[in-house]
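J.: Chains A and B, in that order, are what the protein sequence lines are.
For the first sequence, the numbering used here assigns the number 1 to the initial residue and increments by one for each residue that follows.
For the second sequence, the numbering used here assigns the number 1 to the initial residue and increments by one for each residue that follows.
Calculated from the structure, these hints are not laboratory results.
Glycine included, C-beta positions come from ideal geometry on N, C-alpha and C.
Just to be clear, a hint being listed does not mean it is correct.
[Unchecked claim] Examples of chain B residues toward chain A, derived with CB under 7 Å:
| hint | residue |
| --- | --- |
| 1 | Val-44 |
| 2 | Met-50 |
| 3 | Asp-114 |
| 4 | Ile-122 |
| 5 | Arg-126 |
| 6 | Leu-135 |
[What the hints assert, rightly or not] Rough simulated footprint, nothing fancy, chain B against chain A, three-plus residues with beta-carbon under 8 Å:
| hint | segment |
| --- | --- |
| 7 | 17-26 |
| 8 | 86-92 |
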Amino acid sequence: MGMSTGSSKGAVPSINVTPLIDVLLVLLIIFMVITPLKPARFEAKIPAEPKDQPQVDVKPNPLTLVVNIDKSTKKVTLNNADAGDTSDASALTAKLKEIFGQRESNGVFREGTNEVEKTIFIKSSPVVKYGEVVRVIDAAKSAGATPIGLQVDSLE
Amino acid sequence: MGMTVGGSEEYNSEINVTPMVDVMLVLLIIFMIVTPLLQQGVSVNLPRDMISPDEDPDIAKDTSVIIAIPDNNNFYIGKEQYPLTALGEKVKKLMENKTPDKRIVYIKSGVDVDYGRVVDAIKTIRKQDIDKIGLVADRKKGEKTQG
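All chains, full assembly: derive it from the sequences and hints.
T.: Structure representation (structure tokens):
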């Protein structure tokens, strides 16, 4: 009777594994939680290197939206109109949503396409903290702005 | 009578947990090994709780180019530090053999870094014929991707 267990006579030699499983499950869950979340990013366009050739006169696009961040007051302006500040960018989101909504109902399209023009340019002083710029980008993106262009030349 | 279990008139009603424990142990070991590998590069105080960044699994790939700017004085690619002047060459090298749609450089910058430093990095990047960058940011937990 090689492996017979639980016969009427003698103690049953079985290890209680329940605590072991408990500990393992908890460890497993801890590691699953620690594992980082999916990474995310804002896609932004940057202008090409300026060429030496003489400047070509480009017809200004009346649909261009430029968001500017002031270096000292941290005020955000949208095409020179006030749009809150960096600590609370929801004013910018609201303004952009309104503009895009109007464009959608009026059928204002990007030249040569049938997409609504939602291009936006972000211009910020170099002394502003990156975190504040990203907050503004986030506000613009959540209003549906795309593509987002970063202005990197002639910043004051 | 090799594996006779139980007495002549009793049944053994215990669940055999040994395979489960085996699986758990293996999973545990896998997670223990994978976790440190997932954290590549230097640690950066990324912007957090952003509403609208798009998820991009490419960021975690080994082949993608990520410039980390943890503070105002340092630029890292991977775990190595590069001066601003050498950044361009390195990016150029890493961007070789990439199809145009994959030519994107990710920037992981700390929130306290001056925007000017990020612009410096961008100016170096664009010299390498790249017109797209990805600003890495952490999404707010529980926010759904917008269509």
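J.: Please check whether Leu-135 of chain B passes as an interface residue: C-beta within 7 Å of a C-beta belonging to chain A.
T.: Hint on Leu-135 of chain B: holds, closest Cβ of chain A at ~4 Å, below 7 Å.
J.: Counting residues of the segment 86-92 of chain A whose CB is closer than 8 Å to a CB in chain B, do you get three or more?
T.: violated (count 0)
J.: Given Ile-122 of chain B as an interface hint, is the shortest Cβ-Cβ distance to chain A below 7 Å?
T.: holds, 5 Å
J.: Would the stated hint for Asp-114 of chain B survive a check requiring a Cβ distance to chain A of less than 7 Å?
T.: Holds: closest Cβ of chain A sits about 6 Å from Asp-114 of chain B, inside 7 Å.
J.: Would the hint on Val-44 of chain B stand, with a C-beta cut-off of 7 Å toward chain A?
T.: Since the shortest Cβ distance to chain A is 10 Å, the answer is violated.
J.: When I compare C-beta atoms, does the segment 17-26 of chain A have three or more residues closer than 8 Å to chain B?
T.: holds (count 5)
J.: With chain A as the partner, please determine if Met-50 of chain B meets the hint condition of a C-beta pair closer than 7 Å.
T.: Status holds, d = 5 Å.
J.: Return the status of the interface hint for Arg-126 of chain B: holds when the least beta-carbon distance to chain A is below 7 Å, violated otherwise.
T.: The hint holds - Arg-126 of chain B has a Cβ within 7 Å of chain A, the shortest such distance being about 5 Å.
Hint check: violations occur at hints 1, 8; the rest are consistent with the structure.
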